[in-house]
Amino acid sequence: MNRFAALLDRIAYEPRRNAKLRLLMDYFRHTPDPDRGYALAALTNALMFKEAKAGLIRGLVEERTDPVLFRMSYHYVGDLAETTALIWPSPGHESVAPTEGGRDTGPPSLGHNNPPPHVPTITEVVETLATTSKSDLPAKVAGWLDALDETGRWALIKLITRELRVGVSARLAKTAVAQLGGFEADEVELIWHGLEAPYEDLFAWVEGRGEKPESGNPAPFRPPMLSHPLEEEDFEKLDASEFLGEWKWDGIRLQAVAGLASDGRSVRRIYSRTGEDVSRAFPDLVEALNFEGAIDGELLIVRDGRVQSFNVLQQRLNRKAVTQKLVAEFPAHLRVYDILTEGDEDLRDLPFRERRKRLETLVARIDDPHIDLSPMVAFSSWDELAAARSDPASVGAGPDADAIEGCMVKRASSPYLPGRPKGYWYKWKRDPYIVDAVMMYGQRGHGKRSSFYSDYTFGVWRDGPDGEELVPVGKAYHGFTDEELVKLDRYVRNHTVNRFGPVREVEYGKDRGLVLEVAFEGLQRSTRHKSGVAMRFPRISRIRWDKPAAEADRIETLEKILERGEKEIHPLKGQEPEGQET
Amino acid sequence: MALRSTDILTQTPQGLYCPLGDFHIDPVRPVKRALITHGHSDHARSGHRTVMATRETLLIMAVRYGEDFAGSTQEAPLGESLRVGDVTVRFTPAGHVLGSAQIAIEVGGTRVVVSGDYKRAEDPTCLPYEVVPCDVFITEATFGLPVFRHPDTRGEVRKLLDSVALFPERAHIVGAYALGKAQRVMALLLEEGYDKPIYLHGAMERLTAFYKSEGIPLGETPKVVASEHSKLTGAIVICPPSSIQDLWSRRFPDPVTCFASGWMRVRARARQKGVELPLVISDHSDWDDLCRTIRETGAGEVWVTHGQEDALVHWCMTHGIKARPLHMLGYGDEGEAEETPPAKEDAGETA
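Protein chains in written order, with the working numbering: chain A, 1 to 582; chain B, 1 to 351.
I should point out that these hints are in silico values taken from the structure, not numbers from a laboratory.
All of these numbers come straight from a predicted model, not from anything done at the bench.
From the three backbone atoms N, C-alpha and C, an ideal C-beta is built for every residue, glycine too.
Please note: incorrect hints may appear among the correct ones.
Stated by the list, open to error - Among the chain B residues that face chain A by a calculated CB cut under 7 Å, a handful are: (1) P146; (2) V147; (3) A268.
Can you build the whole structure from these sequences, using the hints too?
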């Protein structure tokens, strides 16, 4: 465990991708099986512990610390694993424990009757977590936490809670393994879904000691191609005639793959953008995959031939049980825009224009109401595309226009490349809505922003019983630069009028207060908010140090937006939807 | 009958004030008579009419602000009782930086101790902290949360030396406050057997020379010459924290960014600053030492000046000690964001 902890610790401080890669390779090269395999599983989020969860850790640390001190510490540090690792009372330390137990004045807990602390290996941790009963787990985990140092505890908790967050993607970890043997990451990716921790066959292969493991998966995931946002200055550089246009659907990016197993059975899988197998959530869609190949598209909910808003789609997502009723009420639909393979043929090197033809033929052959083609948007100049983007209904999107969040612009000659290659695919989103609001509260952030006041609640003016008053309409925690964060943080600290734990109320009123220009994607009515509206994906687009608070917008501005697009409005969840290459 | 503690010391916009002695302690604005605990710029400011402090602190103020930093000065020898107005004051080592002292105020059988900033950990560059039993103890709480437990400084310095050995082709740029921390790092390096020159940013020079003139061995400490940045392969360079990310440090060969501070205990802190090698070396007490010190003074009442006041006050209350936060401003807001202001010679030396 110490070795793995040291790896995580070093990587966490290392900003450079190549240096991270070197550290990972170094670790894989010098760590024996099966430890390195379980480390790889942890880094690719392939481990799953049924009983050991964040709640277990929280329970253990709360038993051993004063709850008030723990809460204050957690607000300050902004990370459960790290707070627990640092606050965990080691033998000889005083002054953390709750006073009732008198623990803090007692002798060190390492009496001579106790066995010496045993530092577990990562293999031991993973295997024990998988086999230990729920009732025995707390004592086991507590024993490890006692034996480990701060870094070890931190890594152990990260492992258990499955939130490493050290800036290593699954892709990077696989790349490191591949490079041990001079292979491309994609080769590992293709066989990945047939492999299991601790991956001894994989390491044997990359080290030249064994055969390449069989994919074992006739329907493997292939990393999707992502796009870049289209910037103002790009238009001058890009020639419109070399590009093709599509709508950008406000749904969830999916990859649908079907293939034949060795026994001739059809294997059908649906993967998320990150390669997670989500087939079980969409039985209706799985049934429609009556082909051999891999296609790329957007998950939408279509009722009576009409695409529903993202808000409706969300009601189908994140459900534990997929019932008949759910499927009938929220029928899943795949609107496809690319094809990666067909039969045994890998089409990814073909130009987009060619792939599109193959896709059209395939979709016609599939002939299932759950799957259709995302139509092309014809244009001959950027201005023409801009017009289409601002009014999709007028150029053939019809009643589906509300589910469109902009345009995709793809180079006709573009191969299908994994990741986010430059110069091929662009997304051109609709302009956001803008409103000027006044900062009302600042809250401490988490993770990278811990202990900065980085989350801001803002309000707009409305008529109250005692004249005009500010009513909170949303909260935003990004959109500003690190330099601006420092200034906003200082503003909150210097203008605090009230403290509520991690939240500070700042000065605001007609003659004082800070105006924030807030950009957002949509609005919807909400009973949970005092103002009756909720913003979708709000962010600070500008800080208006110059603007008097009295001149900020009024609630009527938001009401108008609501009325204009009552139906087009999107979900409540603060997240940007995982549509095509977000 | 003993006086009430608030008769001896009160809070004013200028800082803590003793009405019976008519003086302020570490005032943030110019006052008639100031008693200064130590030379960090948020505690020792220029422009007071008279200043009483230890000999070293007076000299440090003169180094920083010039000889005329106050109308007149009076040296407070450590351990000696001095009469000021109707009270007796006594300066005792605080273990924070060279010259740092706690100030005990005694009147009518009641003793109030203003500790200033202090630490209990060993420091080769200053006298160790001495416990002064008292009725009211006034403490800071910069690291007043139980997540702050400073490790052994030798281990931290060895981390630096190991990294220097591992990356002989790179320069290690260590951010450290100009007064105290920088010299402590030099002394610790020396103790660990490092015998090469330790290069200094210009802002470190005068105070380091002062430490040496006080007989503290710090080794060979040349100033970095502008044209020679690129030649300092394998070197250890000490600079103000604000310089570790600016252009000045980028000119060294493939620099490894290090920062010597108690804040480095919290990972997100190190990452926010782009620190690659965090060194948890602090001139303040960690949580355990704050709690231990409060117990050892035997104080029945504790005032917490700045830092994580709420947590330390909570701890006192749950241990039967009367306590209140002073929420004092001007000593680094919550001790958190103090490292961001642009560096003058000594911006924000509170950690």
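Status of the hints after comparison with the structure:
no., hint, in the structure
1, P146, "holds, 4 Å"
2, V147, "holds, 4 Å"
3, A268, "holds, 4 Å"
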